[in-house]
Amino acid sequence: MTQITLEIDGKSVEAVEGSSLLDVARQAGADIPTLCQNAELNEKGSCRLCMVEVVKGKKRSLVASCAYPVQNGLVVRTSTPEIEKHRKLLVELLYPTALHLAKRYGIEKSRFDGPRGDCNLCGLCVNYCRDVAHKNVLFFEGRGVDRKVSFVPGKAHECSSCGACFELCSGGFVVNNHGTLGLNERAYSGR
Amino acid sequence: MPSQQTLAQTEVDVVVVDDEETIREGCRMALEGEGLRTETAANGALGLELLARVRPRVALLDLRMPGVAGMDVLKRLPDIDPRIVPIVITGYASVESAVDSMKLGAFEFLTKPFETTQLLDSVHRGIHRWGTYAPAQSELAPRRAKQTQTLKSQEDALLKSLEAAEEYAELGGTPTALADELRTLETQADYHTRQLGVVHKKGKALHDFVADLHAVDAIVSRHQSKRSALIQILLDIQSQKNWLPSHMLMWTSRRLGVPMGRILEVATFYEAFSLTPQGRHEVQICTGTACHVRHAPELLATISSLLGIKPGQTDSDLNFTFKQVHCLGCCALAPVVKVDSAYYGNPSMKKLKEIFARCEKDAQAEGEN
Amino acid sequence: MPRLESPKALVALRVKARGQRAAMPQRISVCGGTGCVAAKASGCIDALNAAITRHDLSSKVEVQVTGCHGLCERGPIVVIAPQQYCYLGVAAADADEIIEQSIIKGRPVERLMYQVDKAERIESQDKIPFFRGQQRLLLEANSRIDPRSIEDYIAIGGYTALEQALFRMRPEEIIESVKESGLRGRGGGGFPTGRKWETTRNAPSDTKYVIVNADEGDPGAYMDRSLLEGNPHSILEGLIIGAYAIGANLGYIYVRQEYPLAVENTLLAIEQAREQGLLGKDILGSGFSFDVEVHRGAGAFVSGESSALIAAIEGQVGRPREKYVHTSVCGLWDRPTNLNNVETWANIPHIINKGAKWFSTVGTKTSTGTKVFSLVGKVRNSGLVEVPMGTSLRTIVYDIGGGIPGDKRLKAIQTGGPSGGFLPESMLDVPVDFDELVEAGSMMGSGGMIVMDENNCMVDAARFYVDFLAHESCGKCLPCREGLRQLLHILNRIVAGEGREGDLELMEELCETVATTSLCALGKSAPNPVRSALKHFRSEFEAHIREKRCPSLACVSLFHYHIDAERCNGCSLCQKNCAPNAIHGEHKKSKTIDQESCVKCGACETVCPPKLAAVSKVAGRAAPKDSPLLRQKTG
Chain V
1 MTQITLEIDG
11 KSVEAVEGSS
21 LLDVARQAGA
31 DIPTLCQNAE
41 LNEKGSCRLC
51 MVEVVKGKKR
61 SLVASCAYPV
71 QNGLVVRTST
81 PEIEKHRKLL
91 VELLYPTALH
101 LAKRYGIEKS
111 RFDGPRGDCN
121 LCGLCVNYCR
131 DVAHKNVLFF
141 EGRGVDRKVS
151 FVPGKAHECS
161 SCGACFELCS
171 GGFVVNNHGT
181 LGLNERAYSG
191 R
Chain P
1 MPSQQTLAQT
11 EVDVVVVDDE
21 ETIREGCRMA
31 LEGEGLRTET
41 AANGALGLEL
51 LARVRPRVAL
61 LDLRMPGVAG
71 MDVLKRLPDI
81 DPRIVPIVIT
91 GYASVESAVD
101 SMKLGAFEFL
111 TKPFETTQLL
121 DSVHRGIHRW
131 GTYAPAQSEL
141 APRRAKQTQT
151 LKSQEDALLK
161 SLEAAEEYAE
171 LGGTPTALAD
181 ELRTLETQAD
191 YHTRQLGVVH
201 KKGKALHDFV
211 ADLHAVDAIV
221 SRHQSKRSAL
231 IQILLDIQSQ
241 KNWLPSHMLM
251 WTSRRLGVPM
261 GRILEVATFY
271 EAFSLTPQGR
281 HEVQICTGTA
291 CHVRHAPELL
301 ATISSLLGIK
311 PGQTDSDLNF
321 TFKQVHCLGC
331 CALAPVVKVD
341 SAYYGNPSMK
351 KLKEIFARCE
361 KDAQAEGEN
Chain E
1 MPRLESPKAL
11 VALRVKARGQ
21 RAAMPQRISV
31 CGGTGCVAAK
41 ASGCIDALNA
51 AITRHDLSSK
61 VEVQVTGCHG
71 LCERGPIVVI
81 APQQYCYLGV
91 AAADADEIIE
101 QSIIKGRPVE
111 RLMYQVDKAE
121 RIESQDKIPF
131 FRGQQRLLLE
141 ANSRIDPRSI
151 EDYIAIGGYT
161 ALEQALFRMR
171 PEEIIESVKE
181 SGLRGRGGGG
191 FPTGRKWETT
201 RNAPSDTKYV
211 IVNADEGDPG
221 AYMDRSLLEG
231 NPHSILEGLI
241 IGAYAIGANL
251 GYIYVRQEYP
261 LAVENTLLAI
271 EQAREQGLLG
281 KDILGSGFSF
291 DVEVHRGAGA
301 FVSGESSALI
311 AAIEGQVGRP
321 REKYVHTSVC
331 GLWDRPTNLN
341 NVETWANIPH
351 IINKGAKWFS
361 TVGTKTSTGT
371 KVFSLVGKVR
381 NSGLVEVPMG
391 TSLRTIVYDI
401 GGGIPGDKRL
411 KAIQTGGPSG
421 GFLPESMLDV
431 PVDFDELVEA
441 GSMMGSGGMI
451 VMDENNCMVD
461 AARFYVDFLA
471 HESCGKCLPC
481 REGLRQLLHI
491 LNRIVAGEGR
501 EGDLELMEEL
511 CETVATTSLC
521 ALGKSAPNPV
531 RSALKHFRSE
541 FEAHIREKRC
551 PSLACVSLFH
561 YHIDAERCNG
571 CSLCQKNCAP
581 NAIHGEHKKS
591 KTIDQESCVK
601 CGACETVCPP
611 KLAAVSKVAG
621 RAAPKDSPLL
631 RQKTG
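Residue numbers (our numbering), protein chains in the order written: chain V, 1 to 191; chain P, 1 to 369; chain E, 1 to 635.
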C-alpha cells in the first residue's frame with residue numbers, strides 16, 4: 001500500500017499506488033463521463049469515454065482511466081480539446097441511447113445512418129449476472145459488429161426474482177415485460 | 001450406508017498384468033506419458049499380490065497367461081478391492097471369453113493389437129468409473145455379480161434402474177431429482193433427433209444420445225478435465241461431429257463445471273464452431289486479400305449460383321455447407337476453393353459442376369443405404 | 001530411439017545421420033507444402049515412388065517430401081540431388097521421364113526446367129531469378145529436409161545452437177547476444193526482441209512462460225505456416241534457447257486450426273524431441289528442464305493479438321486486455337510471459353550459431369536480419385520471398401516477383417495486413433525496413449505483400465479491410481465496434497454508388513477517434529488502410545461519390561457486362577458458362593444478358609473467344625429492361 005503523488009488537472013494529489021486513475025481523479029473533483037463503469041463489477045474499458053491524457057516521463061498518451069493504475073509522478077489532464085472531441089464523437093455514435101450524455105455534449109442528432117440498436121453493449125448486465133449473481137443466464141454472443149447480449153436458452157425463468165440487469169441497463173434495453181424479463185428485440189432490428 | 005467422504009487417493013493408478021513384456025512396457029510408457037502412475041506384473045500370481053498391495057483404480061488384465069489366468073484374477077478382484085475397475089486384454093478374442101469376462105465384472109474389453117488411443121480411452125473411462133462409483137461400490141460388491149448378467153427382460157432393466165437410483169441417492173441425489181434429470185435428457189434426445197430431421201426409433205435415439213455423452217466424457221478426460229482446455233475440447237467435439245450439438249455442450253458444461261453461458265460465449269466467438277448441423281460436404285472459398293485481389297468475389301457469386309445458397313448457409317438437403325474463410329494459406333493458387341479436404345486453384349465453372357455433381361452422387365448413395 | 005544424455009551423444013547422432021544421408025547416392029526432394037499439395041504434389045510423390053520400385057532403384061535413390069520451397073506459383077516443385085536439377089509444375093505423368101532421364105541417365109529434363117517466354121532454360125534452383133535475388137537464411141533448409149524427420153534436422157546442423165547455449169553460455173549472455181543482433185519482432189510490432197526477453201527475465205516470479213504465436217491471421221500471409229510445416233524443429237530450438245535465457249520451464253505453441261499440417265508436424269516434432277531428450281527433464285544433461293504444449297486456435301483474427309492469445313490459452317474468449325501492464329510482466333495466468341512470432345523464434349539458432357555481430361551486418365542499421373514475405377496477388381512469381389531488410393519493393397516485385405502478369409500497370413502494394421497501408425507506384429523504391437515503411441505510410445506487419453494492378457479498385461480494397469476488421473473485432477469497445485460499423489456503412493454506400501458529399505470528411509473524423517480511443521492494436525490500426533487509400537487514391541473515392549463511377553470497373557453496382565450484338569456470333573459459349581443462367585438467345589443467334597439475374601461473375605468475358613471479344617464491361621448501371629433506348633440486333 002504505497003502512497004504516491006501525482007498531478008491531476010494542475011493539482012497535486014495523493015493516492016495509493018495501483019489504484020484506478022478514474023477513481024482517484026473523480027475523488028480529486030474531476031468530472032469524467034462514463035457509461036460502462038460500476039463499482040461492483042470487474043469488467044471495464046468498453047465505452048472509452050473515460051479516456052484522459054497521461055504524461056509519464058517523456059511519453060504522452062491517452063489512456064482509459066478506469067483501467068489505468070496510478071503511479072508516482074504522472075501528469076494527468078482529464079479534459080482537453082482533443083479528449084472532448086473524441087468523447088463527443090463516441091456519444092454521437094451511441095445516439096439515440098445514452099441521452100443524458102448527448103444532452104451534456106449538445107448532440108441532438110447523429111450524422112451516422114448505419115444500422116444500430118438500443119444496446120450499447122456496455123456489459124453491465126452480463127457482468128453482474130456472471131460475477132455478482134453467479135447465475136450466468138446472460139452472455140455475450142458473437143463477435144465484432146455481430147456481438148449482442150443473449151439469454152442462455154431455457155434459463156430465462158431463473159431470473160424472475162433478481163431483475164438486477166434491468167436496474168443496471170444504461171440503454172433501457174432489458175425490458176420488464178409483464179413480470180418476466182426479456183431482451184428488447186427492437187434493439188437488434190437494425191443489425 | 002457410507003457417508004459422503006472424500007475418495008482416498010491411491011498411490012498407483014493402473015496395474016498391468018500381462019506375460020508379454022512388450023505389452024507391459026508399451027502400456028506403461030503410454031500410461032505414464034498421460035501422467036498415470038503404473039505398475040506391472042508378469043503373471044497372474046504376481047499380479048494378485050501386486051493388486052492387493054497397491055489397490056489401483058484400474059487393472060489391465062491379460063486373459064490368457066500361464067499359471068493363474070486373467071480370468072482367475074478377475075474372479076478374485078472383488079475380494080481384493082471391489083472398487084478396482086478391470087479392463088480385459090486378449091489376443092484371442094472370442095465371444096465366450098468376452099461374455100464370461102463381462103459377467104465377471106469386466107468394464108471393457110481390449111483386443112490385441114490395440115492402438116494407444118484405444119488403450120488410453122478405455123483407461124480414462126475406467127478411471128472415471130472408479131471416481132463415480134467408488135463410494136457406492138464397496139457396499140454393492142455382493143450385488144455386482146447379479147448386475148453383470150445380460151438383461152433379458154424389462155423386469156431386469158427395471159431392477160437395474162432401481163439399483164442405479166440407489167447409487168444416485170448415495171451420491172446425494174433424490175429420486176425426484178433423478179427423474180427430472182432423466183426427463184430433461186430424454187427431451188434433449190428427442191430434440192436432438194428432430195433437429196437433425198432424422199426419424200429414429202426412440203431406443204436408437206437414446207442410444208445415439210448416450211453414445212454422444214460418452215464421447216464427451218472421453219474427450220474431457222483426454223484433456224484431464226482442465227477448464228482451461230475448454231476451447232481444445234470444443235474443437236475435438238466439432239471435428240468428431242462436424243457441429244456442436246446442444247446436449248454435448250450441456251454435458252461438457254456439467255463435466256467441466258463451466259457455466260453454459262461461458263461455453264456459448266466461446267462457441268459463438270470463434271469461426272471453427274457451428275451450433276447447427278452442417279452439410280455432408282464443406283465448400284470453403286478463401287476471401288483473404290490475395291484471393292480477393294485475384295477476383296474471389298466473382299468466384300463466390302458463381303458458386304452461390306450453382307449451389308443455391310449464400311456463404312454461411314447449408315442447403316435444405318444437408319448436402320453442402322458453403323463458407324467464406326479468411327486465408328487458407330495457398331495464396332499462389334488464388335482464388336482458392338476447398339471442397340472437404342481438396343484444394344482447387346481458380347476452378348472453372350465446368351470443374352465446379354463436376355465436383356458438386358460428384359458430391360451429390362455420394363450423398364445419394366449414402367441415402368440409399 | 002535412445003535419449004541423448006549429453007552433447008557428446010548429440011554429436012554422435014549427427015555424425016550418424018550425416019552418414020545415412022550421404023549413403024544414398026541420389027535424392028528427389030518434392031515440395032510437400034500445403035500449396036503444392038493443393039496442386040496435386042501427392043500424386044507426383046506416389047508416381048515417383050512407383051517408378052523407382054519398377055526400375056528397382058530403391059537402394060540408389062529415395063523420394064523425400066520437404067517443406068515449402070517458396071515458388072508456390074510454379075508448384076509442384078521437384079529438386080534432384082546431387083545435381084540440383086530443379087523442375088517446376090511437375091505432374092504425376094512426368095515421373096517416369098524424371099526417373100529415366102535424371103536418375104538413370106543423369107541428364108536434366110529440359111521441358112520441366114524454369115523458362116520465361118522464350119529465354120534460356122535455367123537448370124538449378126539458385127539460378128532462377130526468383131531465388132537468386134533472395135537471402136534464404138530461414139527458408140533454405142525447407143528444400144533439404146523432411147520436416148517429419150528429426151535426423152534430417154540434426155544432420156544439417158540442427159540443435160547445435162541449443163548445445164552452445166545450454167553448455168557454453170549463461171542466460172544473461174544469450175540475452176545480450178540477442179540484443180546486440182538487433183533482432184526485432186517479426187509478427188508486426190517490430191519490438192526489440194532482446195529487450196523483451198530481458199524484461200521478462202527480470203520480472204519477479206519463479207514461474208515464467210514462453211509462447212510461440214503461430215496464429216498468422218493476416219489474410220494473404222503464410223510465412224509462418226511454411227516455417228512451421230517445413231522446419232518445426234528450428235522453431236523448437238529457438239524456443240528452448242529463449243526459455244533457458246528467460247528462465248521459463250513451460251512453453252506453448254499457439255497454432256491456428258486452419259493449418260492442420262502445421263499442427264500435425266509440430267506435434268510430431270515435439271514427440272520426437274521429447275524422445276531424444278531435447279525436450280523434457282534435464283535436456284542433454286544440462287540440468288535445464290523445459291516442455292511445450294500445442295494449443296489450437298479456433299478461428300478468430302483478434303486472438304493473434306498477444307493478450308487475446310494468452311486469454312485463449314487460459315480457456316477464455318480471445319479478447320484483448322489493456323496493455324498498461326505488459327504481458328512480459330503480467331501475462332499468462334498473471335505470470336511474466338514472453339510471446340514472440342514464429343519467424344522471430346526461427347532466427348534465434350542462427351544468431352547463436354553465426355554470432356550477433358554477423359547478424360547485425362545483414363539488413364539495415366535499425367532493421368537487421370532478413371524478412372520472409374508472402375508475395376501474392378497480381379504478380380507473376382507468387383510465393384514466399386526472403387530478403388535482407390533494406391531491399392526495395394521494386395526489387396521484390398519486379399526482379400524476384402517477375403512483375404505484373406499481362407503487363408498490366410502496378411497500382412499499389414499493400415503491406416502490413418489489415419493494420420497496414422497501400423504504397424503507390426511512386427513509392428516502389430522504399431526499402432523494406434520497419435521504420436521506412438512506417439514513414440511511407442504503411443508498416444512491415446507480419447510480411448504479407450499484396451500486389452494490385454489497374455483492375456483493382458482502391459475504394460473496394462479499403463472497404464474489404466474494414467469489412468474484415470468489423471467482423472473480426474472482438475466487439476468489446478465502442479470506438480472499434482461502432483466506429484467500424486459506421487465506416488463500413490459509409491464505404492458500402494460509396495461502392496454502391498450512393499456516396500454523398502461530406503462522406504470522406506466524416507470517415508476521416510471516425511478514423512481519428514477509432515485510432516486514438518480503441519482498446520487494442522486491432523482497433524487502433526484499423527483506420528490505416530482507409531487513411532492510406534484516401535491519401536494516395538483520393539481521386540478514386542471522389543469519382544465514386546461525385547460521378548458514381550468506378551475507374552477500375554470493379555465495383556459491381558457501378559458497371560455491367562454487355563454483349564456487343566455486332567461482334568457476337570452466337571457460339572453460346574458464354575451461355576453454357578453462365579452459372580445463374582442469365583444469358584438468353586437461341587443457338588447461333590447473338591446473346592443478351594438479363595441484368596437482373598446477372599451476378600457479375602465475369603465468366604462470359606473470360607470464355608468469349610479473344611478474336612470476337614464481344615463481351616465487355618461498361619461503366620454505369622445497365623438500362624432497365626423495358627427502356628425504349630434498348631435495341632438488340634437479333635439474327
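Among the hints, a few may not be true.
[Stated by the list, open to error] Which chain E residues stay away from chain V? Per the calculated CB distances, all over 10 angstroms, these: (1) 11; (2) 117; (3) 300; (4) 476; (5) 483; (6) 556; (7) 565.
[Said to hold, decoys possible] Computed from the model, here is a short list of chain P residues facing chain E with C-beta under 8 angstroms: (8) 105; (9) 109; (10) 230; (11) 269; (12) 270; (13) 326; (14) 330.
Source of the hints: derived by calculation from the structure; they are not laboratory data. Being a predicted model, the structure only gives us computed values, none of them experimental. Every residue gets a Cβ at the ideal spot worked out from N, C-alpha and C, and that includes glycine.
Structure-based check of each hint:
1. 11: Nearest chain V Cβ is 49 angstroms from residue 11(E), so the label holds.
2. 117: Given that every Cβ of chain V is farther than 10 angstroms from that of residue 117(E), nearest at about 47 angstroms, it holds.
3. 300: Residue 300(E) is in fact no farther than 10 angstroms from some Cβ atom of chain V, at 7 angstroms.
4. 476: violated (6 angstroms)
5. 483: Since the minimum Cβ distance to chain V is about 7 angstroms, residue 483(E) lies within 10 angstroms and the statement is violated.
6. 556: Consistent with the label, residue 556(E) stays out of reach of chain V, its closest Cβ about 20 angstroms off (over 10 angstroms).
7. 565: holds (42 angstroms)
8. 105: violated (36 angstroms)
9. 109: violated (29 angstroms)
10. 230: With Cβ-Cβ at 4 angstroms, under 8 angstroms, it holds.
11. 269: holds (5 angstroms)
12. 270: holds (4 angstroms)
13. 326: Status holds, d = 5 angstroms.
14. 330: holds (5 angstroms)
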